[in-house]
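**Student:** Sequence:
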Amino acid sequence: MTTETIALPADWRDFLALTKPRVMTLVVFTGLCGMLAAPVTVHPVIGFTAILCIALGAGAAGALNQWYEADLDAKMRRTAGRPLPAGRMDKQSALHFGVGLGAFSVLLMGLAVNVLAGGILAASILFYVLVYTVWLKPRTPQNIVIGGAAGAFPPLIGWAAATGGLAPLPVLLFALVFLWTPPHFWALALFVKTDYANAGIPMLPVVAGERATRTQIGLYTIPMAVAAIVPWPLKLTGAIYGVVAIVATAWFALLALRVATRSTQESDTMRPEKRLFAFSIVYLFVLFGAVVVDRWLA
Numbered sequence: 000m001t002t003e004t005i006a007l008p009a010d011w012r013d014f015l016a017l018t019k020p021r022v023m024t025l026v027v028f029t030g031l032c033g034m035l036a037a038p039v040t041v042h043p044v045i046g047f048t049a050i051l052c053i054a055l056g057a058g059a060a061g062a063l064n065q066w067y068e069a070d071l072d073a074k075m076r077r078t079a080g081r082p083l084p085a086g087r088m089d090k091q092s093a094l095h096f097g098v099g100l101g102a103f104s105v106l107l108m109g110l111a112v113n114v115l116a117g118g119i120l121a122a123s124i125l126f127y128v129l130v131y132t133v134w135l136k137p138r139t140p141q142n143i144v145i146g147g148a149a150g151a152f153p154p155l156i157g158w159a160a161a162t163g164g165l166a167p168l169p170v171l172l173f174a175l176v177f178l179w180t181p182p183h184f185w186a187l188a189l190f191v192k193t194d195y196a197n198a199g200i201p202m203l204p205v206v207a208g209e210r211a212t213r214t215q216i217g218l219y220t221i222p223m224a225v226a227a228i229v230p231w232p233l234k235l236t237g238a239i240y241g242v243v244a245i246v247a248t249a250w251f252a253l254l255a256l257r258v259a260t261r262s263t264q265e266s267d268t269m270r271p272e273k274r275l276f277a278f279s280i281v282y283l284f285v286l287f288g289a290v291v292v293d294r295w296l297a
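The sequence shown begins at 0 in numbering that gives the first Met the number 0 and counts up one residue at a time.
The hints are simulated quantities; they were obtained by calculation from the structure and are not laboratory data. Just so it is clear, the structure is predicted and the values come from calculations on it, not from any experiment. There could be a bad hint or two in this list.
[Stated by the list, open to error] Here are the simulated SDA-like pairs of lysine to any residue, each with C-alpha atoms no more than 20 Å apart in a straight line:
1. Lys273 <-> Asp194
2. Lys234 <-> Thr193
3. Lys136 <-> Leu125
4. Lys273 <-> Ala166
5. Lys19 <-> Leu125
6. Lys90 <-> Arg12
Using the sequences and the hints given, assemble the complete structure.
**Tutor:** Have a look at this one:
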């Protein structure tokens, strides 16, 4: 006699996990800072609605990413405990949740805030799901380079929600996140490359090796540093941001240089890589926070 195991229905915690709340935190923060850095006063209701839509849109992208990559997630230790590979949720529920959340966020943003902000939000969701997840990630080791644009949209969305238009500062903030993504993500990929290899994902350390990845981390840090500091000399921000950007970027560069110039063995604990990855998250929070403080205290 055989018995079938019937999975219990997913609860709210599984649906929350689908939205990748840790990633969403940074997305929401950069979007909020983009809105608060704008040279206008935003009505609290409009501001709350815009940030809610950014959060829901990010959650939708995360859910659709996990729906599409459920089989790959099951092969990686880092992601095997997610709701779909762990069997706590069926794929159809994840798909419906992601599509519904995404459609609602875009419609609400377009109708309650403005069409430009809604359009950029829609573009960011589609870019992450279709361009990065479906097309780039399984095909090229440069996936995170081009795909990094998906996570760089929030400052543009926040600014557009506040002003109804765009300007050089949010474009530079977009460039900062775009150029920050490769060294940030490749630092992670260096110490979880076995996971990616097992799943058959052509991340740079798997395809080109550690040495090439370290070199690329160092190279991408250079234009990232320029994008981080240049708003000050261009007079788009004041001295508060400028000083914070120089100090924080110098520390980031030192960590990146340590990663870029050292050789490791498979048994290495990879502390420099983990330190760079951890600091890179703090770095973005600090710089975007400095943009807002500079705007309100200048």
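**Student:** Are Lys90 and Arg12 close enough, with their CA atoms no more than 20 Å apart?
**Tutor:** holds (16 Å)
**Student:** Between the alpha carbons of Lys273 and Ala166, is the straight-line distance 20 Å or under?
**Tutor:** violated (35 Å)
**Student:** Is Lys273 close enough to Asp194, meaning Cα to Cα at most 20 Å?
**Tutor:** holds (16 Å)
**Student:** If you draw a straight line from the CA of Lys136 to the CA of Leu125, is it 20 Å or shorter?
**Tutor:** holds (14 Å)
**Student:** Quickly compare the C-alpha distance for Lys234 and Thr193 to 20 Å and report which way the hint goes.
**Tutor:** Not satisfied, since the Cα-Cα distance of roughly 45 Å exceeds 20 Å.
**Student:** Assess, step by step, whether the Cα of Lys19 is no farther than 20 Å from the Cα of Leu125, and give holds or violated.
**Tutor:** Roughly 17 Å between the alpha carbons, so the hint for Lys19 and Leu125 holds.
In the structure shown, a violation is registered for the earlier hints numbered 2, 4, in ascending order.
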